[in-house]
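S.K.: Each chain, letter by letter, is given below.
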Amino acid sequence: MKKYDAIIIGAGHNGLTNGAYLAKAGLNVLIVEKNDYIGGAAVSREMEGGWLYSSCSYVSSMLRQTIHRDLNLTKHGLVLVPYLGTVNFGNDGKPLIHYNNENVGYNHLRQHSAHDADSMFKFQADLTRYAQLIRKNLMRTPPNPTSFKPRDIKELLWLAKQFWGLGEKELYEYMRFFTTSAEEFLDDYFENDLIKAAMASPGIIGTALGVYSPGSAYILLHHVMGDVDGNIGAWGLARGGMGAISNAIASAFKSFGGEIRTNAGVQQVLVENGKAVGVVLENGDELRANIVVSNLDAKRTFTQCMDKKDLPPGIYEKAKNFKIRGSSGKVNIALSGLPKFTNLPDNKFINQGGQGFVGSLETMERAYDCWKHGRFSDDPFVETVIPSAWDPTVAPVGKHWMSCFVQYCPPKLANGGWNAEQKEAFGQTVIDKIERYSP
Amino acid sequence: MNYYDTVIIGGGHNGLVCATYLAKKGQKVLIVEAADELGGLAATREFAPGFKASVAQTLSHFSEKVVKDLNLSTYGFDFTSAPMANIALNDNGEHVIIEGWGASSKLTGVSEKDADTYGEYHQLLKRFADLLKPFWLKTMPRIGHSTLKESLTYAHLGIKMRMLGRHDMGEFMRVATLPARDLMDENFDNPHLKALLSWDGLIGSKMAPRSPNATVLSLLYRMSGKNEGAHTLPRGGIKSLISALKSAAIDAGVEIKTATKVKRIVIEGNENGLKTEGVELQSGEVISSAKVVSAVDPKTTFLNLVGAQNLEIDFTHRIKRSRCEGFVAKLHLALSDLPNFTGLDKLDGRMVIAPELDAIEFAFDDAKYGEASTNPVLEMVIPSLADESLAPAGQHVLSANVMYVPYKHKNGWTAADKTELYERVINTIERYAPDIREKIITGEILTPFDLEEKFHVTGGHWHHGELSISQMLMMRPTYEAAQYSTPIPGLYLCGAGSHPGGGLMGGPGHNAANEILKAKQ
Chain V
1 MKKYDAIIIG
11 AGHNGLTNGA
21 YLAKAGLNVL
31 IVEKNDYIGG
41 AAVSREMEGG
51 WLYSSCSYVS
61 SMLRQTIHRD
71 LNLTKHGLVL
81 VPYLGTVNFG
91 NDGKPLIHYN
101 NENVGYNHLR
111 QHSAHDADSM
121 FKFQADLTRY
131 AQLIRKNLMR
141 TPPNPTSFKP
151 RDIKELLWLA
161 KQFWGLGEKE
171 LYEYMRFFTT
181 SAEEFLDDYF
191 ENDLIKAAMA
201 SPGIIGTALG
211 VYSPGSAYIL
221 LHHVMGDVDG
231 NIGAWGLARG
241 GMGAISNAIA
251 SAFKSFGGEI
261 RTNAGVQQVL
271 VENGKAVGVV
281 LENGDELRAN
291 IVVSNLDAKR
301 TFTQCMDKKD
311 LPPGIYEKAK
321 NFKIRGSSGK
331 VNIALSGLPK
341 FTNLPDNKFI
351 NQGGQGFVGS
361 LETMERAYDC
371 WKHGRFSDDP
381 FVETVIPSAW
391 DPTVAPVGKH
401 WMSCFVQYCP
411 PKLANGGWNA
421 EQKEAFGQTV
431 IDKIERYSP
Chain W
1 MNYYDTVIIG
11 GGHNGLVCAT
21 YLAKKGQKVL
31 IVEAADELGG
41 LAATREFAPG
51 FKASVAQTLS
61 HFSEKVVKDL
71 NLSTYGFDFT
81 SAPMANIALN
91 DNGEHVIIEG
101 WGASSKLTGV
111 SEKDADTYGE
121 YHQLLKRFAD
131 LLKPFWLKTM
141 PRIGHSTLKE
151 SLTYAHLGIK
161 MRMLGRHDMG
171 EFMRVATLPA
181 RDLMDENFDN
191 PHLKALLSWD
201 GLIGSKMAPR
211 SPNATVLSLL
221 YRMSGKNEGA
231 HTLPRGGIKS
241 LISALKSAAI
251 DAGVEIKTAT
261 KVKRIVIEGN
271 ENGLKTEGVE
281 LQSGEVISSA
291 KVVSAVDPKT
301 TFLNLVGAQN
311 LEIDFTHRIK
321 RSRCEGFVAK
331 LHLALSDLPN
341 FTGLDKLDGR
351 MVIAPELDAI
361 EFAFDDAKYG
371 EASTNPVLEM
381 VIPSLADESL
391 APAGQHVLSA
401 NVMYVPYKHK
411 NGWTAADKTE
421 LYERVINTIE
431 RYAPDIREKI
441 ITGEILTPFD
451 LEEKFHVTGG
461 HWHHGELSIS
471 QMLMMRPTYE
481 AAQYSTPIPG
491 LYLCGAGSHP
501 GGGLMGGPGH
511 NAANEILKAK
521 Q
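For the protein sequence lines, the chains are V and W, in the order given.
With this note's numbering applied, the first sequence closes on residue 439, and no number is skipped along the way.
With this note's numbering applied, the second sequence closes on residue 521, and no number is skipped along the way.
Source of the hints: derived by calculation from the structure; they are not laboratory data.
Note that the coordinates shown come from a computational prediction; the quantities given were computed from them, not determined experimentally.
Do not take every clue at face value.
Each computed DSBU-like pair below joins lysine-lysine, with the alpha-carbon atoms no more than 35 Å apart [unchecked claim]:
| no. | chain 1 | residue 1 | chain 2 | residue 2 |
| --- | --- | --- | --- | --- |
| 1 | W | Lys263 | W | Lys113 |
| 2 | V | Lys320 | W | Lys68 |
| 3 | V | Lys169 | W | Lys106 |
| 4 | V | Lys161 | W | Lys133 |
| 5 | W | Lys261 | W | Lys346 |
| 6 | W | Lys28 | V | Lys149 |
| 7 | V | Lys161 | W | Lys106 |
| 8 | W | Lys160 | V | Lys161 |
| 9 | W | Lys408 | V | Lys122 |
| 10 | V | Lys320 | W | Lys263 |
| 11 | V | Lys308 | W | Lys113 |
| 12 | V | Lys318 | W | Lys160 |
| 13 | V | Lys318 | W | Lys226 |
| 14 | V | Lys169 | W | Lys275 |
| 15 | W | Lys408 | W | Lys24 |
| 16 | V | Lys308 | W | Lys518 |
| 17 | V | Lys154 | W | Lys160 |
| 18 | V | Lys169 | W | Lys113 |
| 19 | W | Lys518 | W | Lys275 |
| 20 | W | Lys126 | V | Lys323 |
| 21 | W | Lys28 | W | Lys518 |
If you want a taste of the chain W side facing chain V, the calculated C-beta under 7 Å gives, among others [stated by the list, open to error]:
| no. | residue |
| --- | --- |
| 22 | Lys138 |
| 23 | Pro141 |
| 24 | Ile143 |
| 25 | Ser146 |
| 26 | Met163 |
| 27 | Ser211 |
| 28 | Ala259 |
| 29 | Leu473 |
From the three backbone atoms N, C-alpha and C, an ideal C-beta is built for every residue, glycine too.
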């Protein structure tokens with residue numbers, strides 16, 4: 001029987017990236033994937049009638065440049081089209097347009113609030129500074145503070161030095177930033193409701209926290225941490241949909257000799273003498289490897305794919321307690337043509353940017369409150385992109401599709417699970433919200 | 001001539017503690033207090049003819065060291081009282097009751113599993129609380145601006161953490177900023193028990209069970225006292241503590257002026273910079289002193305009494321933005337007789353009405369938008385059972401902390417809003433004590449806005465400032481003023497707005513006195 005150097009469970013983009021690096025280093029790697037497609041959440045799936053939906057994730061901002069270069073993803077067909085700007089719609093009045101051109105952006109902000117236009121410089125500078133410290137961290141393995149291993153101690157000292165080097169004032173500002181709410185942090189800079197809401201929106205995406213929750217300011221960072229072509233904070237769309245990113249990584253992986261098996265869900269990780277030695281697939285096949293890597297979430301890895309007796313004491317319980325709380329929904333809409341937004345000159349950025357239906361901080365927080373009650377909000381926060389307006393390959397000629405990201409959406413409704421009718425109502429709520437701005 | 005070594009503004013418990021420590025070291029000290037009575041939020045006042053109560057209703061972590069140092073037992077303060085029973089009321093009469101506390105407690109109304117876990121849970125928290133305990137009574141040094149000896153405080157903290165052992169240290173770091181809800185869900189099944197045990201981490205703060213931040217730290221802070229966080233009501237009530245502090249102060253030679261409002265702190269400047277010269281009273285009289293110590297909250301101290309003209313812009317900005325809005329209202333009821341709580345025969349415990357964590361969470365949601373909770377949650381005691389002098393013979397007082405009631409009502413607080421809130425609270429109590437209305441002679445509800453007005457605390461905030469991570473330790477109230485000295489030479493802070501914070505503890509007063517005495521040498 002063939003024995004691999006490494007088996008990776010899950011062909012999401014992290015599994016693929018991990019596989020590609022290992023294969024590049026000369027290891028004999030197999031990736032097993034439960035679905036009949038690869039990519040996990042970064043996937044483009046063809047729907048009836050010629051639509052290519054990025055079913056889940058919809059923009060790229062955090063894909064590390066190092067990875068792009070190391071794996072030569074451009075050669076493997078990845079083209080990222082930069083995102084030029086976002087239009088944010090408040091509860092009433094003129095929309096807020098985020099221009100990448102500083103002067104144009106400043107003048108536009110002044111129409112909303114002269115004070116805030118000036119504050120924006122400080123806000124951006126502060127956030128970028130906070131992000132830099134974190135960016136340094138993203139590509140390192142975090143230390144275990146309770147361990148006495150030299151690596152952990154070294155890493156801990158490195159961290160301490162980074163923080164110490166900030167100086168007293170900066171250090172305290174960091175502590176505040178990392179623990180405060182988005183609302184409180186933004187109040188320090190801005191007075192205009194729409195501007196605050198527009199700035200807060202990246203802070204809540206995908207989290208089970210509201211903008212009023214302590215700790216939500218820090219999440220703002222995740223979205224100034226990305227880069228496209230070295231532009232900090234820039235976003236981009238992958239040509240051919242988000243699946244193109246996974247496909248490019250997979251192609252790189254295969255070019256290094258890696259093997260992918262789809263329709264191959266893992267039943268259990270094989271453990272012998274306290275060491276992982278392979279996996280058993282759902283169809284009963286047994287595959288052996290020196291290393292097993294899981295790209296599944298920690299909860300599923302430890303509680304579903306592993307036997308409790310194979311784990312050191314406490315791990316199973318910790319994994320069970322590990323908090324995963326789904327809070328986002330996605331509505332994909334096929335369109336017969338491009339929508340026209342009212343109050344928006346030139347239908348700005350429709351063909352190279354997105355739309356944020358943010359309302360105000362209170363709108364967002366109230367949507368979060370609904371999630372806590374196990375409902376979706378009547379007035380949700382929606383962020384949309386029309387990828388087909390930038391990339392003709394993802395929709396039939398003349399037609400379009402709109403990706404709507406919705407925060408907050410509960411994993412289970414209080415009045416039962418999700419049935420077809422409830423899903424329909426959810427879709428309608430999102431369409432109603434957009435309709436207020438695009439009749 | 002009126003000359004003092006130190007003038008202390010504010011005769012709350014921290015002002016009294018600080019003053020007594022200083023006077024015992026030979027300083028000539030004067031306390032000026034705006035109200036007629038000493039004690040601040042712990043002062044006992046008559047809210048209806050013949051009925052008295054104090055805003056602070058129980059003790060949980062008053063410092064053992066302060067009691068000993070100031071000999072408070074000899075002045076009539078009984079520090080030996082047993083923990084009160086903690087009762088989570090259930091509207092079906094099957095209440096969850098914790099009698100005793102911690103290791104020696106007995107739980108009723110919960111599963112065996114929950115009862116067992118409670119013991120382990122308490123032991124774990126106690127180990128964490130013990131780790132932090134010494135640091136509540138220490139000045140937390142400035143980072144990068146301290147002598148080596150001062151910085152050792154942090155090394156000490158680090159070593160103590162390591163000494164917890166690998167497992168506990170990992171747990172400590174994970175748990176320290178956890179939302180109350182996660183901590184409770186990990187440990188317990190019973191919804192009443194979860195709400196009851198979260199209560200002390202949440203009350204007084206702008207935090208709900210789902211908020212990450214300082215909930216667990218607040219719990220650990222309150223566990224720093226002799227009773228590991230259990231609440232007590234000493235014989236003679238809260239009044240006995242304040243009067244013992246007063247007697248100790250007077251015996252040590254402290255002079256006290258009540259009903260004396262300070263208009264400003266006198267600050268003079270010359271080529272060497274600014275310096276505190278004393279205080280000017282509302283009457284225009286100036287009292288000169290070498291040092292001024294403010295026990296009032298940082299916002300009042302710096303923005304009103306010092307004035308922005310004497311401070312750096314950045315510093316003023318940090319004080320202005322610090323969070324200091326209260327979310328707890330106080331209910332006082334004058335009762336003709338004890339009410340009957342369904343299924344409860346002893347009323348000398350601490351009764352909490354919060355059937356589950358989400359009840360607290362949803363009560364908080366209303367307050368976020370500037371409204372009082374539709375379904376308030378509350379904590380009640382009957383202080384007249386411990387101190388008969390609070391009510392006429394045979395009659396009683398019910399005292400309750402009500403969450404969540406915002407300082408700023410979205411329409412401004414009107415009399416109608418207050419009446420509505422009062423009715424809601426009584427309706428809530430009525431579900432557990434059906435005859436409560438028949439027993440009420442009269443009552444009052446004090447919103448945080450009222451607390452600000454009556455007790456001169458900004459935002460009506462119990463702790464003179466939110467107990468959140470960015471406003472704790474060497475950041476309380478803000479750096480450059482977190483070691484009790486301030487940017488103005490001669491001006492010190494000793495109130496709850498300084499490390500370690502609020503509640504009836506005495507820590508800030510004790511620590512500030514240490515710093516002041518150190519500076520003198």
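S.K.: Next step is simple, just say for each hint if it's right about the structure.
M.R.: Hints, verified against the model:
no. : hint                  : result
1   : Lys263(W) x Lys113(W) : violated (58 Å)
2   : Lys320(V) x Lys68(W)  : violated (47 Å)
3   : Lys169(V) x Lys106(W) : violated (48 Å)
4   : Lys161(V) x Lys133(W) : holds (27 Å)
5   : Lys261(W) x Lys346(W) : violated (43 Å)
6   : Lys28(W) x Lys149(V)  : violated (56 Å)
7   : Lys161(V) x Lys106(W) : violated (48 Å)
8   : Lys160(W) x Lys161(V) : holds (21 Å)
9   : Lys408(W) x Lys122(V) : holds (29 Å)
10  : Lys320(V) x Lys263(W) : violated (58 Å)
11  : Lys308(V) x Lys113(W) : holds (21 Å)
12  : Lys318(V) x Lys160(W) : holds (24 Å)
13  : Lys318(V) x Lys226(W) : holds (32 Å)
14  : Lys169(V) x Lys275(W) : holds (24 Å)
15  : Lys408(W) x Lys24(W)  : violated (42 Å)
16  : Lys308(V) x Lys518(W) : violated (58 Å)
17  : Lys154(V) x Lys160(W) : holds (20 Å)
18  : Lys169(V) x Lys113(W) : violated (48 Å)
19  : Lys518(W) x Lys275(W) : holds (18 Å)
20  : Lys126(W) x Lys323(V) : holds (25 Å)
21  : Lys28(W) x Lys518(W)  : holds (16 Å)
22  : Lys138                : violated (19 Å)
23  : Pro141                : violated (11 Å)
24  : Ile143                : holds (5 Å)
25  : Ser146                : violated (10 Å)
26  : Met163                : violated (12 Å)
27  : Ser211                : holds (5 Å)
28  : Ala259                : violated (37 Å)
29  : Leu473                : violated (9 Å)
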